[in-house]
Each structure stands twice: as structure tokens, then as C-alpha cells.
Amino acid sequence: EAAVTQSPRNKVAVTGGKVTLSCNQTNNHNNMYWYRQDTGHGLRLIHYSYGAGSTEKGDIPDGYKASRPSQENFSLILELATPSQTSVYFCASGDDRVAEQFFGPGTRLTVL
Amino acid sequence: QQKVQQSPESLIVPEGGMASLNCTSSDRNVDYFWWYRQHSGKSPKMLMSIFSNGEKEEGRFTVHLNKASLHTSLHIRDSQPSDSALYLCAASKNSGTYQRFGTGTKLQVVP
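Chains V and F are the protein sequences, given in the same order. Going by my numbering, the letters in the first sequence line up with residues 1 to 112, in that order. Going by my numbering, the letters in the second sequence line up with residues 1 to 111, in that order.
No lab work stands behind these hints, which were simulated from the structure alone. Just so you know, even glycine gets a beta-carbon here, dropped at the ideal spot from N, CA and C. Check before you lean on any hint, since a few could be wrong.
What the hints assert, rightly or not - Now the stretches of chain F that chain V is said to cover, found in silico as 3 or more residues with beta-carbon under 8 Å: (1) 19–25; (2) 32–44; (3) 100–106.
Looking at chain V on its own, in the form it has when it is part of the complex (with noise of 0.2 Å):
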């Protein structure tokens, strides 16, 4: 089974600090995804990375960027964090290969 996982697991931050959230997967998967879930919302698309070194915006990119050093890895970060900020984020991989994208367990993040 496809495994991902993201670290921290909960994260309390405060407001004009800077968050890093972490992602790694084992899989091999060229694609990474970062989302946010909100009630009402659903998941929306931050970032994602078609392979190492490349990074694109998704759907609600400001007041975030992110990193993909390596195949494995991809990191979501929050500059200047802010209360809006406070949500559930998920980090998923996928390719063509496998044709659906696995997500990680999930990070909680409260920005105070």
C-alpha cells in the first residue's frame, strides 16, 4: 500500500510566525499535492509538484509556498501564518501510473 506521511502531526502556532509542514512519500510517485480542509469548503488545492524541483499553484496559493527538494519530499510553508490559516492540511501523492492520489494522515494546524 502507498504511504505518505506528514509530520507534524499538530501544530499550534502564533500569528506572523513562520510554519513549515512536511511531507514524505515512499511510493515513487512523481506528483505531490498539498490541500487544506475546511468545513464548508472541501478540499482546496494549494500546491502541487510534478516531479523534483518544480513547484505550481493551485487553486488558493496566497499566504503560502512550498518546496520539493527531492522525489520524496514536499514542504508546505507559511511565512507569516495567520488565524485564517487554521485548518486541517493534507499532503497526497500520485502519478498516471496509478491513476488516484493517496493522502497522508493529515496535519491540524491552529494559528493563535
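Knowing the structure of chain V, use the given hints to seat chain F on it.
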């Protein structure tokens, strides 16, 4: 504006009954549809996918797709309490690109 619309928002069905969930894409630049199931406190897991017009059945689950109207539906027969979850529909241009998700249908199966 949500490009993938799901209905109803919530649904209660009796154990053993049929649950029917709907999903439509307003983005005509999509060809692939997925259904994911997310139990409370867990991450989404793919349930079924459909890329061609028609119907696909796997056990108690059946999906339909009408590509002309970009409408897909998921039907769960003989619903079980363990089917209680948030059902998310997703659409994409092809199998390897990003997927856009709807807001989900919360299904509750009551004994």
C-alpha cells in the same frame, strides 16, 4: 466558486437502504472522475473511479458517468453503518494531473 458541485450536502439512509450521491463539474475541461470516502478524523481514500460513459460496479457500489453533462453519481446499495462518512467527488483533465474536489456529501446510515 466551486467547480465541482455535490448534492445533497447530507443524507440519512436506513441500514440496508440505497444511498444516491450526485456530482457535477462546471469545468468542461475534465475527463476523469473519482469518488473518495473519508471517515471522521481520517484521510480520504479512493473508493471508485470512472473515465468512460456508462456504469461501473464494484460490490455494493455503482458509479455512473454522463460525460456530455459532466455528471457522475455514486449509489450504495444495502448501506451499512460503516458506510457513514464524508463522500468526496473529484474531477481532473487526465489521470495524472491535479484533481479538484467538491465539498462532499455527509452520509449517515442509521440502524
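Right, here's what the structure says about each hint:
no., hint, in the structure
1, 19–25, "violated (count 0)"
2, 32–44, "holds (count 5)"
3, 100–106, "holds (count 5)"
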